[in-house]
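Trainee: In order, the protein sequences belong to chains Z and B. Numbering (this note's numbering) for the first sequence: 15 to 164. Numbering (this note's numbering) for the second sequence: 3 to 427.
Calculated from the structure, these hints are not laboratory results. Ideal Cβ placement from N, Cα and C applies to all residues, glycine included. Don't take each hint at face value.
Claimed, not checked - List of simulated lysine to aspartate or glutamate pairs, EDC-like, C-alpha gap at most 20 Å: (1) B/K43 - Z/E101; (2) Z/K56 - B/E209; (3) B/K180 - B/E209; (4) Z/K31 - B/D391; (5) Z/K95 - Z/E135; (6) Z/K126 - Z/E41; (7) Z/K31 - B/D342; (8) B/K43 - Z/E118; (9) Z/K126 - Z/E101; (10) B/K43 - Z/E17; (11) B/K260 - B/E95.
Claimed, not checked - Listed below are several chain B residues computed to face chain Z (Cβ distance under 10 Å; list not exhaustive): (12) L345; (13) S348; (14) V371; (15) D373; (16) R374; (17) G382.
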Amino acid sequence: MSELAELYQELILDHSKRPRNFGPLPEANRHANGHNPLCGDKITLHVLLEGDRIRDLRFEGAGCAISTAAASLLTEALKGKDRAAAEALFARFRELVTGKVESEDARRALGKLAVFGGVCEFPMRVKCATLAWHTLLAALDKREESITTE
Amino acid sequence: MKVRSPAATESAARKDAAPARFDVAAVRKDFPILAQRVYGKPLIYLDNAATSQKPQAVIDAIANYYSESNANVHRAVHALGARATEAYEEAREKVRRFLNAGDAREIIFVRSATEGINLVARSFGAQGLARGGEILITAMEHHSNIVPWQLLCEERGARLRVVPMNDDGELLLDEYEKLLTPRTRLVAASHLSNALGTLNPVARMIELAHARGVPVLLDGAQAAPHLPIDVRGLDCDFYVFSGHKLYGPTGIGVLYGKAALLEAMPPYQGGGDMIRVVTFEKTTFNDLPWKFEAGTPHISGAIGLGAAVDYLERIGRTAIEDYESGLFRYAEEALARVPDLVLFGSKTQRRGVLSFNLGRIHPHDVGTVLDRAGIAIRAGHHCAQPVMDRLGVTATARASIALFNTREEIDRLAEALVEARRVFG
Ligand SMILES: Cc1ncc(COP(=O)(O)O)c(C=O)c1O
C-alpha cells in the first residue's frame, strides 16, 4: 500500500465524510474548543462527565479528513471510559502517530484507532490527528479557553 | 559614505532594452533546487508566494561575499571593509533602479516586508496620529499589514478602517473614496493580494488619496516578483517588499520612502551606524538611508538581493511578465476544467496566485495528496484570516507561480487534483 493509501484508509475516509457523534450535546457538562492555527481546523467537544466517567460525548466543527476522523473515532473509543483510561489511550495514540509504538500488543490495544498508523509518515499531519485528544483533555480539566496545537 | 545621485532617465532606458526571448528551460537550469525529486517524483514547486527558490547567481553572490569580501560595513579602514561597504551600497543602488526610485537615499534595507511596515507604523504613523485619526487598510491584507496598524491605533486611540471587497475579491473603489476623510492619516494597501492574487488599482487609489493629502504605503511583497515596479510612476509614498519572495535570501527586505517623508521621520531603532555623533547628553543622527539602519545590517542578504535583482533584469522584467501571464492564463484554464474546483478571486485582475478549494475536500488533505505527487502548494489561511472569513471558508489551497514554472507542471497539478478528488470520492 502506498503511504498515501496508508494514511487515508477507508475507515478514516468513512469517518471524515460521515462523522459519528457529530453535533451538540445539550446535557453535556464539559466543553472545550480546539484550534489548529496551521490549517484553520476548529473543533468543539461536548462531554457529559459523571464522576470520573465519560457518559457521553459529541463534537462539532470543521477540519481536514484526519482531524475529523480522529475526533469521530475518539468519541466512539471513549464513550463509557473513565479519565485514566482516556489518558492512557491518548498516550498510546500519540506513540502511534509519532511512530513510536513498541509492540504489536500496544498496537492491538488501540483497537480501531490503529487505523491512524499511517500518520507517522506525515509529520506535518500529527497535529491534525491529536487535536481532538488535546481538546478532550482540556474539557476534562475544565479548561474552556480555546486550546491550540501550537 | 556616498550614495549615488538620481538617474531619472533610466526607467525609459530599461523599458526599451529589448529582452532576449524567454527560455524557461534555461531559466530552470539556474535554480539548482529544481533538479531534485521528492518521493521519487520531479519537484514541482508552486509555493512561490510563501517563498521563492533561489537562482545559482544569488547563492554564489552570498558565498562569494563570505569567501572573499566579508567585513563590517561603513567602519573599517581596511581593504575588506571598503569592499564590503561598496558591495552593500551597490546592492542599494540596484534596488533603487529595480524600483525606479529617484535616489538611493530612499532605499532602506530592513529584514522583510513586515519590518518595513512596522518601521513606517512606528516612525511615520506615530507622528501626528492622535485620538480620532484613522488608518485605512483593505479587506485583503496580509496579517503583517493589519497587526502593526492595529497595535498603533490601539495605542493612540485611533481607528483602523477597512476598505471592503466584493465576492470576487476586488476592492470597492466607491467605498474606498468614502472612507478617505479628513481624519485619514495613511492608506496601507497590498499591491497584489497574497491570498487571492488580486492586483489592486493602486494608481487610482494613490491618486484619490493624494487628492486629499493622504500618503499611501504599498505592500509589494507579492507584486515585486511578478510586475515591473515604478515607485515614481505610481507616486506612492512608501513601498515595501521581501527579498525571499523575489528569488533572494530571507532576512532582507526593502522599504522605499520618499526622501522628504523619511527626512522628517524619527529613527525606528537606535544603535550603531544610524548615528553621527553620540555623547551621553545628545545624539546626532546619520543621514538617510543609514538613519534607519541601526546596527550591523544583513550585508550578505543585501548583496544576495542585489544579485536577485540583477538576475531579473538580465532576463528582462517585461519578458518575465509576458511569460508568467501566459502561464498563469493557462493555469487558470487548467484548474477551471477540474471538476468541483472553486477558484477564488478576480476573473480579470488575478496575477500569480491561484486560491481554490476542491469540492468539500479540506485544503490540507489536497496539499498532502499533491505533496506525494511531488507538488508543493500551500494550504491554510495564508496569513489572511479576514479574507477567509469574507469568503466563508476556513482555508484554501493556493498554487503560486514563478518564472521557472512550466505548462507541463500545471498539467501535473491538474492531474493530481483530479486524483485527489478520486481518493476522497
Ligand atoms: C502581501 C504580503 N505582505 C506581507 C508579507 C510578509 O512578508 P514577510 O513575512 O517576508 O515579511 C507577505 C508574505 O507572505 C505577503 O504575501
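Trainee: Hint by hint, note whether the structure agrees.
Mentor: Hints versus structure:
1. B/K43 - Z/E101: Roughly 40 Å separates the two Cα atoms, so the pair is violated.
2. Z/K56 - B/E209: At roughly 42 Å apart (the allowed maximum being 20 Å), B/E209 and Z/K56 break the hint.
3. B/K180 - B/E209: 14 Å, holds
4. Z/K31 - B/D391: Between Z/K31 and B/D391 the Cα gap is close to 23 Å, so the pair fails against 20 Å, i.e. violated.
5. Z/K95 - Z/E135: 29 Å, violated
6. Z/K126 - Z/E41: Violated - the C-alpha atoms of Z/E41 and Z/K126 are around 27 Å apart, more than 20 Å.
7. Z/K31 - B/D342: Since the Cα atoms of Z/K31 and B/D342 sit roughly 16 Å apart, the hinted pair holds (cutoff 20 Å).
8. B/K43 - Z/E118: 33 Å, violated
9. Z/K126 - Z/E101: Cα-Cα ~17 Å, so holds.
10. B/K43 - Z/E17: Holds, at about 14 Å.
11. B/K260 - B/E95: Holds. B/K260 to B/E95 sits at ~15 Å (cutoff 20 Å).
12. L345: Because about 19 Å separates B/L345 from the closest Cβ in chain Z, which is outside the 10 Å limit, the hint is violated.
13. S348: Hint on B/S348: violated, closest Cβ of chain Z at ~23 Å, above 10 Å.
14. V371: Holds. Min distance 6 Å.
15. D373: Holds - the Cβ of B/D373 comes within 10 Å of chain Z, reaching about 8 Å at its closest.
16. R374: Given a least distance of 5 Å, the restraint on B/R374 holds.
17. G382: 5 Å, holds
In this structure, the hints that do not hold are numbers 1, 2, 4, 5, 6, 8, 12 and 13, in rising order.
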